[in-house]
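A.B. asks: One line per chain: the protein sequences are X and R, in this order.
First residue of the first sequence: 57, per the working numbering; consecutive thereafter.
First residue of the second sequence: 58, per the working numbering; consecutive thereafter.
Source of the hints: derived by calculation from the structure; they are not laboratory data.
Be a bit skeptical, because a hint or two may be false.
Lysine-lysine pairs mimicking DSSO-like chemistry, simulated, CA-CA at most 30 Å apart [to be verified]:
{"id": "1", "chain 1": "X", "residue 1": "K125", "chain 2": "R", "residue 2": "K98"}
{"id": "2", "chain 1": "R", "residue 1": "K79", "chain 2": "R", "residue 2": "K124"}
{"id": "3", "chain 1": "R", "residue 1": "K93", "chain 2": "X", "residue 2": "K152"}
{"id": "4", "chain 1": "X", "residue 1": "K152", "chain 2": "R", "residue 2": "K124"}
{"id": "5", "chain 1": "X", "residue 1": "K152", "chain 2": "R", "residue 2": "K101"}
{"id": "6", "chain 1": "X", "residue 1": "K125", "chain 2": "R", "residue 2": "K93"}
{"id": "7", "chain 1": "R", "residue 1": "K98", "chain 2": "X", "residue 2": "K162"}
Please read all numbers here as calculations on a predicted model, not as lab measurements.
Chain by chain, the residues:
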Amino acid sequence: LAKTTQPISMDSYEGQEVNITCSHNNIATNDYITWYQQFPSQGPRFIIQGYKTKVTNEVASLFIPADRKSSTLSLPRVSLSDTAVYYCLVTGGGNKLTFGTGTQLKVEL
Amino acid sequence: DTAVSQTPKYLVTQMGNDKSIKCEQNLGHDTMYWYKQDSKKFLKIMFSYNNKELIINETVPNRFSPKSPDKAHLNLHINSLELGDSAVYFCASSRLIGTGMNTEAFFGQGTRLTVV
Numbered sequence: 057l058a059k060t061t062q063p064i065s066m067d068s069y070e071g072q073e074v075n076i077t078c079s080h081n082n083i084a085t086n087d088y089i090t091w092y093q094q095f096p097s098q099g100p101r102f103i104i105q106g107y108k109t110k111v112t113n114e115v116a117s118l119f120i121p122a123d124r125k126s127s128t129l130s131l132p133r134v135s136l137s138d139t140a141v142y143y144c145l146v147t148g149g150g151n152k153l154t155f156g157t158g159t160q161l162k163v164e165l
Numbered sequence: 058d059t060a061v062s063q064t065p066k067y068l069v070t071q072m073g074n075d076k077s078i079k080c081e082q083n084l085g086h087d088t089m090y091w092y093k094q095d096s097k098k099f100l101k102i103m104f105s106y107n108n109k110e111l112i113i114n115e116t117v118p119n120r121f122s123p124k125s126p127d128k129a130h131l132n133l134h135i136n137s138l139e140l141g142d143s144a145v146y147f148c149a150s151s152r153l154i155g156t157g158m159n160t161e162a163f164f165g166q167g168t169r170l171t172v173v
């Protein structure tokens, strides 16, 4: 199973763009990169998933370089409500989601 | 309408007791899971059921027994509760698909279990 490494915490201010990078050096050909968000006292929530290049949805963008050994979750113009833990997962099909330590994002005024 | 609902939300009980946590999903998914999140916030899968059959069983004490009466329900029964069982337990559901793209999992709100 490909292991992921991401910063333990990040701080930002409202209105800024936040980029959280995740490294997954052992990613396999069939693996996808998936990000989840978890607010305090809630279950994780799917944000975005990608295989290569760039994926964008209404919440975030995901940038994946050609070698796929890392990925960057980009949150445009964060607000206080984006304060949460963000998990980067490498998922190779099947249904076993392996969560790492996540990145605690704190957004301040 | 809550997609994945679990009850109770909070559970405080004494060591040695037996307790159950219930989970229901109304998304029409055929796969359900139990995850445990400890005090350090690590989320670890415990069990997964597909169409009422156990497909993932991580190294979990046999005091923990999941039961799936139908594919919309996955309950977790815990016997002889210990202090170390204190954690937040999350139920989740998803579709089961083949290799390649991982399917999105939907999580419940969690059950905070405190064993005293």
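A.B. asks: Where does the structure disagree with the numbered hints, that is, which hint numbers, in rising order?
C.D. replies: Structure breaks no hint.
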